[in-house]
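Protein chains: 2
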Amino acid sequence: MGRLRCTLQYDGTLFNGFQIQPGQRTVQGELEKVLAKMHKGRSVRIVASGRTDSGVHAKGQVIHFDSFQRIPGEKWKQALNAQLPSDIYINHVESVSDDFHARFNVVEKEYHYYVLNQTQPDIFKRNYVYHFPYKLDIEKMKEACRYLEGTHDFTTFSSAKATVKGTKVRTIYQASVWNNGSEIEFIFRGSGFLYNMVRILVSVLLDVGQGKRNPEDIPDLLEKRDRRLVGKTIDPQGLYMWKVKYNDVEKNT
Amino acid sequence: MGRLRCTLQYDGTLFNGFQIQPGQRTVQGELEKVLAKMHKGRSVRIVASGRTDSGVHAKGQVIHFDSFQRIPGEKWKQALNAQLPSDIYINHVESVSDDFHARFNVVEKEYHYYVLNQTQPDIFKRNYVYHFPYKLDIEKMKEACRYLEGTHDFTTFSSAKATVKGTKVRTIYQASVWNNGSEIEFIFRGSGFLYNMVRILVSVLLDVGQGKRNPEDIPDLLEKRDRRLVGKTIDPQGLYMWKVKYNDVEKNT
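Chains as they are written, first to last, in the working numbering: chain A, 45 to 297; chain B, 45 to 297.
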């Protein structure tokens, strides 16, 4: 048996999220179906860096699994891509040591969120960006981002349904926003993210951009640790799990 | 009663083509459903500039219909967009005289076809461009385009299943191709197009780009008027009905 690390992308539109669920089409379900075929019908369990919800995309999700097949990485990639549906694509496969763990060894995650800020929707991008037709003050949003960077308790900005036990303190290395015409890109890099955290952060940043809140309100919101103080979780289709970093960064392509 | 002209776009992915068919989701079906609601349940028949097949998109399809509702164009647009599904969008509605006919009065149609020419597919564009992984000689394709422009009998380049009676002579004002890195755009403007004609033309142009045919073969293929001489009709997802022109061009936005 050998352990494999695999970087992949998927279009979340037609998946009921990442995690396997009976009777549902999920990314894990599709991956494990193909892996079982490649292992004489034996079930192969995969472990991901983290889950994504329905409609959320990935450009650089990372998984690991153990296999008795002795196949070089490039052949694994070809074999998997040949059998996977057209909304999952394997970027890279490589052998790793048995102590590599796709979830426990994560040192940094990066998420992107895309907003189309114009009156008219773009129907061809409806599953890939969030359409927001109201005027936004990008500079105010940039100011607010600066208050999010650093180490904070993000209870206010995580789903009240979160089942994670333990601390809700996370370190955000980068929270940024910029626009190219009507296209707005948010980038978040951090040690880890709580459930729905990025989608709640973007929602609050759009409130700031609209003038419903001030950038200076952020420290107070963090301080109060109360999910009820902020608005709804924004729609999933603008969100992309962009990159997952491990200690051996240079190998993670 | 007054006649309305309406320009619209749609994402063809989830439609079984434009034309209404019982039990199928079609663009015409969705439009007529909404129009019936807006006319006290009475059926309102729409007439389009032409049909599009399953998976084919439109950026500027044009339809007309007659209505007893006295509503200004901008309000029509709002009302229709509020009720239509998210993969159809009304660009513009205006009153026209009763002798305007969306199909018979067409003076020019423009289609675009998009190809992604790189080894790796882009899963996020799989329904919006055609992925072609083999090397192409764009200059050769440009040469071939020059032979297509002008007035020719396009029997060789139209579906053998075409039911259209009469001449298969059409005038192509523009047949062009250019690339921006791996993205290739084909533009065809003409007096009219036969069934599947653009998709067959692109297929032959890709053969030329691959070196399977020479640009100079085009006149001979046109001359022979035989559909069996050329390859398969290319996939629909790269095709967009881009623009339809009428005599009063300046009004058609």
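Keep in mind that a hint or two might mislead.
Identical copies go unnamed one by one, so any copy, or any two together, can satisfy a pair.
Below, computed lysine-lysine pairings styled on PhoX-like, alpha-carbon distance capped at 25 Å [unchecked claim]:
(1) Lys121 / Lys268
(2) Lys268 / Lys209
(3) Lys77 / Lys121
(4) Lys179 / Lys121
(5) Lys103 / Lys169
(6) Lys169 / Lys287
Keep in mind that the hints were calculated from the coordinates and are not lab data.
Hint check results:
1. Lys121 / Lys268: neither (47 Å within a copy, 45 Å between copies)
2. Lys268 / Lys209: Classified as within: same-chain Cα gap 19 Å, cross-chain 74 Å, threshold 25 Å.
3. Lys77 / Lys121: Within one copy only: 16 Å inside, 46 Å across.
4. Lys179 / Lys121: between (44 Å within a copy, 22 Å between copies)
5. Lys103 / Lys169: Close inside one copy (16 Å) and across copies (13 Å); limit 25 Å.
6. Lys169 / Lys287: Close inside one copy (22 Å) and across copies (20 Å); limit 25 Å.
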